[in-house]
Amino acid sequence: MARIDRYMLSQLLVMFGFFALVLVALFWINRAVVLFDRLIGDGQSALVFLEFTALGLPKLIVTVLPIATFAASVYVTNRMSSESELSVLQAAGSGPWRLARPVFVFGLCVALMMTVLSNFLVPMAQGQLKQREAEISRNLTARLLTEGTFLHPSDEVTFYTRAIDNDGVLRDVFLSDRRKADEGVIYTAAEAYLARNGENTTLIMLNGMAQRLDTVQNRLATAKFRDFSFDISPLVGSDEAIGQSVSSMVTPALLWDWAGLAAQADTTQGIVAEELHGRLAQPLFCIVAAMIGFATLILGGFSRFGVWREAVIAFGLLIAIDGLR
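Residue numbering for the sequence shown follows my numbering, beginning at 273 and increasing consecutively.
FYI, nobody ran anything at the bench for these hints, they're computed from the structure. One or more hints might be untrue.
Stated by the list, open to error - Once the Cα atoms are required to be at most 20 Å apart in a straight line, the calculated EDC-like pairs of lysine to aspartate or glutamate come out as:
#, residue 1, residue 2
1, K331, E463
2, K331, D594
3, K402, D486
4, K452, E405
5, K331, E546
6, K496, E455
7, K402, E547
8, K452, E463
9, K452, E428
10, K452, D486
11, K496, E463
12, K496, D449
13, K331, E428
14, K402, D594
15, K452, E419
16, K402, D309
17, K496, D444
Said to hold, decoys possible - Simulated restraints, written as ranges between beta carbons of each label pair:
#, residue 1, residue 2, range
18, L380, F321, 32 to 42 Å
19, A493, G532, 19 to 29 Å
20, R278, L298, 24 to 34 Å
21, T540, T335, 22 to 32 Å
22, N302, E405, 18 to 28 Å
By construction, the Cβ of each residue, glycine as well, lies at the ideal position given by its N, Cα and C atoms.
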């Protein structure tokens, strides 16, 4: 590789790293706020939040790579054109194809990263993330045994306990069940504890009161109880194994036996083919993004108004090609 190729390639890689870092940070902050609110609101620790964030990064990076590739190509081409570096090279006899060689190599480098990410790292991370989400949904300690916090095991259920003793007794329990559209029930108890009954989990409340509101007849009924059992198994999920989805399988596993994979993942062969073709197309799209950014600007020529028109055209072409794939 000639010195000018190494120079241009180094500029492209530096700017690619900069744009990728900025875009990943922006997307990550946007998603981290929602993820933090959901996990911490469910009583999870900061370590669980960091684990979920790390497992979501590969998919986020895959989303950002083509954008960063395009931005780096446009920026470096514009800078070298404005500083007359490309003009000097063209005057020395370098044609468009010769100038595009380092850009193509740059696209290949990004495509290699995309290949590893989209075909191996992202599926493995998605599979691990799905497994951890299933484990947390079955975790009673994370779901209910968090004192002093209103928890929401599901959208229609709210649970609260003031304190938890060392022996596992829950003090001053509040449970709101709104799963029925025409009826809401609120349970309050001085104390309660969790009991495992085979595959089911029961919340046994002592010395409390149940308030049942019939929204159809607008009638409130109350009843005191000494002990009351409430099956919370539907709220914390079952112990059934979570099936592996197509998105969590590495690409070599998708190359053969589409019928068997579709049956295993409870989907169709078309979905399997679409997933495989999408992964194979993602690395090629990085090369296309780099070449579009360079070619559009290099063909635009000099203008006193800058290259904003060519940049907009290049961005439009990128969106059009992305829509086709």
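To see whether the hints hold, each was checked on the structure:
no.	hint	in the structure
1	K331 with E463	violated, 45 Å
2	K331 with D594	holds, 17 Å
3	K402 with D486	violated, 38 Å
4	K452 with E405	violated, 26 Å
5	K331 with E546	holds, 17 Å
6	K496 with E455	holds, 18 Å
7	K402 with E547	holds, 17 Å
8	K452 with E463	violated, 25 Å
9	K452 with E428	holds, 9 Å
10	K452 with D486	holds, 10 Å
11	K496 with E463	holds, 14 Å
12	K496 with D449	holds, 17 Å
13	K331 with E428	violated, 31 Å
14	K402 with D594	violated, 28 Å
15	K452 with E419	violated, 26 Å
16	K402 with D309	holds, 19 Å
17	K496 with D444	holds, 15 Å
18	L380 with F321: 32 to 42 Å	holds, 36 Å
19	A493 with G532: 19 to 29 Å	violated, 55 Å
20	R278 with L298: 24 to 34 Å	holds, 31 Å
21	T540 with T335: 22 to 32 Å	holds, 25 Å
22	N302 with E405: 18 to 28 Å	holds, 20 Å
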